[in-house]
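Enquirer: With these hints in hand, go ahead and build the complete structure from the sequences.
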Amino acid sequence: MSLIETKGVQHRYARRDEEGNIIQTTMALQKITCEIRAGEFIAILGHNGSGKSTLAKHLNALLLPSEGAVLIDGMDTRDDENLWHIRQLAGMVFQNPDNQIIGQIVEEDVGFGPENLGVPTGEILSRVDEALAKVDMQSRRYSSPSKLSGGQKQRVSIAGVLAMKPKILILDEPTAMLDPAGRAEVLATAHELNRRDGITVLLITHDMDEAAGADRILVMDRGHLVMSGTPREIFARSEELTAIGLTIPTVTQIAEILRAHGITIVKTPLTRQELTEALTAYAFALHNN
Amino acid sequence: MASIKDITLGQYYPTESVIHRLDPRVKLVVTLGYILSLFLITTVPGYLLAALFLILWTGLSRVPLRFMLRGMKAVFLLLVLTIVFNLFLTPGEVLFRFWKLSVTREGLRTASLMATRLVFLIVGSSVMTFTTTPNHLTDGMESLMHPLKRLHFPVHEIAMMMSIALRFIPILMEETDKIMKAQMARGADFESGGIIRRAKNLVPLLVPLFISAFRRANDLAIAMEARCYRGGAGRTKMKPLIYQTRDLVAYGLLLLYLVLSVVIGRDLLHLQNLLTGVLAWRI
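From first to last, the protein sequence lines are chains A and B. Okay, so the first sequence: first residue is 1 according to the numbering used here, each after it adds one. Okay, so the second sequence: first residue is 1 according to the numbering used here, each after it adds one.
Treat the hints as calculated values from the structure; they're not laboratory data. Heads up, the beta-carbon is just placed ideally off N, CA and C, and yes, glycines get one too. Any given hint might turn out to be false.
As the list claims (entries may be wrong) - If you anchor each label on the Cβ, the simulated ranges turn out as follows:
#, chain 1, residue 1, chain 2, residue 2, range
1, B, L144, A, A176, 40 to 46 angstroms
2, A, Y13, B, E174, 29 to 35 angstroms
3, B, P240, A, Y142, 14 to 20 angstroms
4, A, D197, B, T15, 38 to 44 angstroms
5, B, N218, A, G262, 52 to 58 angstroms
6, A, R195, B, L65, 54 to 60 angstroms
7, B, G194, A, D209, 53 to 59 angstroms
8, B, A185, A, T230, 43 to 49 angstroms
Expert: The following block contains the structure:
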């Protein structure tokens with residue numbers, strides 16, 4: 001059984017005038033059907049307004065589908081009884097680090113989730129220890145969040161989710177407001193949690209280089225799920241991506257240009273190293289002929 | 001120019017002391033008890049007792065005296081007014097005349113006692129804010145007000161609101177700074193003109209600030225819901241308040257002090273009158 005399953009999910013946003021009459025409805029999600037297995041690292045790519053954040057909010061029942069169903073670990077998000085269990089299983093980290101940290105001290109914020117779940121005092125403390133260790137933030141345990149860098153704040157937010165012992169970590173553009181060093185920190189943390197602790201990660205992003213590290217990419221455009229596949233499969237379809245306003249990673253772009261000039265590159269490279277390897281192989285082949 | 005970020009919240013003075021380690025509930029109760037005692041006390045020995053308690057209370061807190069006195073600056077005017085009015089306007093036996101004003105024996109007595117009472121009150125209650133972090137204080141208040149929950153008073157919600165407000169003060173300050181600079185770069189003027197003009201000039205600062213505050217509030221509410229926040233019911237505490245021996249000792253000392261301040265601090269004859277009055281009323 002897959003951990004996350006969406007069946008024909010539709011979501012309508014209604015805009016109302018002052019008297020409450022609906023003046024316009026926007027379909028933010030159109031018949032989204034997908035399955036995500038436990039342990040996967042998924043990137044959801046899309047332009048602004050493609051519906052990727054709306055989809056993410058459906059996965060922990062912050063939004064409910066207008067039609068269709070979302071199943072998390074077999075539980076329907078529309079069922080009120082499952083609500084808190086679903087939110088505990090699918091933790092979410094948002095874009096702006098300042099607007100999601102509730103505590104005035106790091107440890108207090110990490111403890112917020114377990115406190116809400118009614119976890120006994122002693123266990124909360126051990127969960128906080130563990131969660132801070134997982135994101136490597138033990139040294140800032142007693143700091144005030146306002147003294148932390150953007151990357152550190154996002155790691156604290158991730159720890160806050162981890163303390164609830166989730167199976168799924170949903171990251172909604174967690175790096176959009178960070179500097180390059182902060183981005184690298186947060187991404188490394190997400191990959192580490194996926195690899196080491198087997199947490200299913202959903203990374204919502206519009207950054208191609210971030211998406212390149214995922215196991216699978218879902219591409220969204222104007223509320224539709226338009227592509228799904230491994231990064232290599234997705235980035236090989238550069239024309240389709242360009243058509244919906246997305247680009248491909250710089251390395252892949254370079255490879256395309258080289259191909260156009262008659263240089264054989266067999267495997268679409270996603271990282272600098274892969275491109276170097278491909279070019280070395282090409283140079284060898286040239287030399288041996 | 002010092003950055004707006006450097007402004008400290010409240011006036012917590014971080015150091016190690018017995019008073020710092022006391023349970024915030026104890027500090028709240030002691031402060032209230034002390035204020036109460038200052039209003040009970042009317043005799044000079046009573047004031048000496050209150051002074052003794054204050055020296056003990058501030059001395060144990062290990063907060064430097066100059067920090068304590070800093071708080072006095074804000075109420076200096078009030079203090080002067082209290083002294084002046086009491087000194088000149090109390091009727092009684094005239095000691096000496098000065099132009100059209102006369103100083104009476106009673107006036108001198110009331111003025112000095114009122115001034116002492118005010119100083120004691122401010123210094124005594126500032127020890128609490130010097131030695132307790134704002135979130136500890138909120139915790140203490142939540143716990144002390146817990147019985148009010150039976151009356152459907154939203155104790156948890158108010159405590160949560162207070163701690164969120166405290167958390168967002170530095171963020172909103174920083175934002176104000178940013179918006180101010182952005183508006184100044186576009187020619188806004190926050191510094192010249194009369195008071196009305198200046199108030200009007202604040203509009204381009206306040207409107208974006210409010211919009212941003214509402215957006216933040218919305219984001220925070222979603223983030224809290226995503227982390228399973230559903231009000232105070234069924235919530236546990238990571239660091240619950242638990243009374244230690246020192247807290248019980250402090251309560252004991254407070255009780256002793258209150259009894260003594262009633263015995264020494266009040267005119268015994270007055271007390272007798274009061275008691276007979278109460279008894280007569282009961283009968």
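Enquirer: Would you mind marking each hint as holding or not holding in the structure?
Expert: Going through the hints against the structure:
The given range of 40 to 46 angstroms is respected by L144 (chain B) and A176 (chain A), whose C-beta atoms sit roughly 43 angstroms from each other. Checked against the hint of 29 to 35 angstroms, the pair Y13 (chain A) and E174 (chain B) passes, with Cβ atoms roughly 32 angstroms apart. Roughly 18 angstroms separates the CB atoms of P240 (chain B) and Y142 (chain A), a value that falls within the hinted 14 to 20 angstroms. Hint check: D197 (chain A) to T15 (chain B), Cβ distance near 40 angstroms, so the stated range 38 to 44 angstroms holds.
For the pair N218 (chain B) and G262 (chain A), the beta carbons lie near 55 angstroms from each other, so the given range of 52 to 58 angstroms is met. Checking the proposed 54 to 60 angstroms range against R195 (chain A) and L65 (chain B) shows it holds: the Cβ atoms sit about 57 angstroms from each other. Remark: the range hint 53 to 59 angstroms for G194 (chain B) to D209 (chain A) is upheld by a beta-carbon distance near 56 angstroms. Our hint of 43 to 49 angstroms for A185 (chain B) and T230 (chain A) holds, since their Cβ atoms are close to 47 angstroms apart.
Going through the hint list in order, the structure satisfies each hint without exception.
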